[in-house]
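Chemist: Sequence:
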Amino acid sequence: MTAAAFLKSQNKAALALHEDYVRYVELDGDLSSLKLRRKLEVASGGMAIRKDSLSDVGALVPIFENLAGSLGGTFKSPVVLGVPSRDILIRVVELPELNMTDAREALKWDFEKFFPYAYSDAALDIARVDNPVTLEPGKMSVVVAACRLRTMESLMRVASSVGMTLAAIEPLNLAMFRAGLGPVSAYANGYLSVFAEKDITQLVLGYKDNGILYRTSLLEIPLNVEGQRNYGPLVREIANTLTFVKNQYRELVVELVMLGGSFGKDPRLLSELEEATGLKTLTMDVWETWGLPAPEETANGWEAALGLAVRDLL
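The numbers in this note's numbering rise by one with no breaks, and the one at position 205 of the sequence shown is 825.
Check the hints yourself; a few may be wrong.
As the list claims (entries may be wrong) - With a straight-line cut-off of 27 Å between C-alpha atoms, the simulated DSS-like cross-links for lysine-lysine are:
#  : residue 1 : residue 2
1  : Lys885    : Lys659
2  : Lys759    : Lys728
3  : Lys900    : Lys828
4  : Lys828    : Lys759
5  : Lys818    : Lys900
6  : Lys671    : Lys818
7  : Lys659    : Lys671
8  : Lys759    : Lys733
9  : Lys818    : Lys759
10 : Lys655    : Lys671
11 : Lys696    : Lys671
To be verified - For each label pair, taking beta carbons as the anchor points, the in silico distance ranges come out as:
#  : residue 1 : residue 2 : range
12 : Asn809    : Glu908    : 30 to 38 Å
13 : Leu902    : Ala738    : 21 to 29 Å
14 : Asn719    : Val804    : 50 to 58 Å
15 : Glu773    : Gly847    : 29 to 37 Å
16 : Lys733    : Asp648    : 20 to 28 Å
17 : Ser740    : Asn719    : 19 to 27 Å
Hints are computed from structural coordinates only; laboratory data are not their basis. Please read all numbers here as calculations on a predicted model, not as lab measurements. Glycine included, C-beta positions come from ideal geometry on N, C-alpha and C.
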């Protein structure tokens, strides 16, 4: 779903759909001269999106209209739209060594082994990825992102109704991973990216510059009796994910945890994670990673929007 006009524009516009806010970013320039042109957020009211999933696509119309009004009445640049992560399933699939066109055709025969609906009911995209698992000769690994076709059709109709041209549609967790990784991968082995929010945490296992496992946790991060966040359940969830990774990817060495999200800069969470996992834990700063000055107001919660906006720079 790439618009030809997007390739002619210097603007990189992105809109991330979250339960509390929709967040819009426009960037100018290339990797050597990237600038933040505009950054807006509009309250989403908790009706259109719930629990990291679209619950009422039609409820996006007034939200998009409100955003368009803040942009001067119209969306001037094609937009990369970030969809809640639970609406787009991501799987790494082993296929015969093929070009991507033939790989899509081959995927249809085994599609329902990996996704809970038929190939004919799906909107999907695929890309080849590096995989630490040793494959048989003549095999390759591809990452497949798929959702129900009617969901994409509904989103496209809503976008069109408010004059928004879509350049692409992506899941938010994929965009977050891209934002945290940065323009140049510095990791030769494995790492776990964690984006920790109050009610939703995204976990992405990275290998080189690929995400090879995506998990969404709906664990809440409550306050304890002392008024501090109780990170115990989240730390256990992360430790359990690492145990699963160790069993699933025996040839992969996970060297560190990259911590982002609203709670990513809390030193208590960082120290509890290091103690529980024995892994070095780094705090992400996606603005610094992409060479952008952090906004004066809160810089939290923008990983997905920024990751969408830099999509075509890599």
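Chemist: Hint by hint, say whether it matches the structure.
Modeler: Consistency of the hints with the structure:
1. The hinted pair formed by Lys885 and Lys659 meets the criterion: a straight-line CA distance of about 21 Å does not exceed 27 Å.
2. Under the criterion of a C-alpha separation no larger than 27 Å, the hint pairing Lys759 with Lys728 is consistent with the structure, at around 17 Å.
3. Simply put, Lys900 and Lys828 have alpha-carbon atoms about 17 Å apart, close enough for the 27 Å limit, and the pair holds.
4. For the hint pairing Lys828 with Lys759, the CA-to-CA distance comes to about 19 Å; that is within 27 Å, so the pair holds.
5. Only pairs whose Cα atoms come within 27 Å are accepted, and Lys818 paired with Lys900 is accepted, the gap being roughly 23 Å.
6. Restraint check for Lys671 and Lys818: the C-alpha separation of about 11 Å stays at or below 27 Å, so the hint holds.
7. For the hint linking Lys659 to Lys671, the alpha-carbon distance of about 24 Å falls within 27 Å, and the restraint holds.
8. A distance of roughly 18 Å separates the Cα atoms of Lys759 and Lys733; the hinted pair therefore holds under the 27 Å criterion.
9. A C-alpha spacing of about 41 Å is found between Lys818 and Lys759, which places the hinted pair above 27 Å, so the restraint is violated.
10. Proximity of Lys655 to Lys671 is assessed by CA-CA distance (about 32 Å); at most 27 Å being required, the pair is judged violated.
11. The suggested pairing of Lys696 with Lys671 is violated, with an alpha-carbon distance near 31 Å, which exceeds 27 Å.
12. A C-beta distance of roughly 23 Å is found between Asn809 and Glu908, which places it outside the suggested range of 30 to 38 Å.
13. Evaluation of the 21 to 29 Å hint for Leu902 and Ala738 yields a failure: the beta carbon distance comes to about 42 Å.
14. For Asn719 and Val804, the Cβ-Cβ distance of about 27 Å falls outside the hinted range of 50 to 58 Å, so the restraint is violated.
15. In this structure the hint that Glu773 and Gly847 lie 29 to 37 Å apart at CB is violated, the actual value being about 46 Å.
16. For the pair Lys733 and Asp648, the supplied restraint of 20 to 28 Å is violated, since their beta-carbon distance comes to about 44 Å.
17. Distance hint check: the CB atoms of Ser740 and Asn719 are about 22 Å apart, consistent with the given range 19 to 27 Å.
Violated hints for the displayed structure, listed by number in ascending order: 9, 10, 11, 12, 13, 14, 15, 16.
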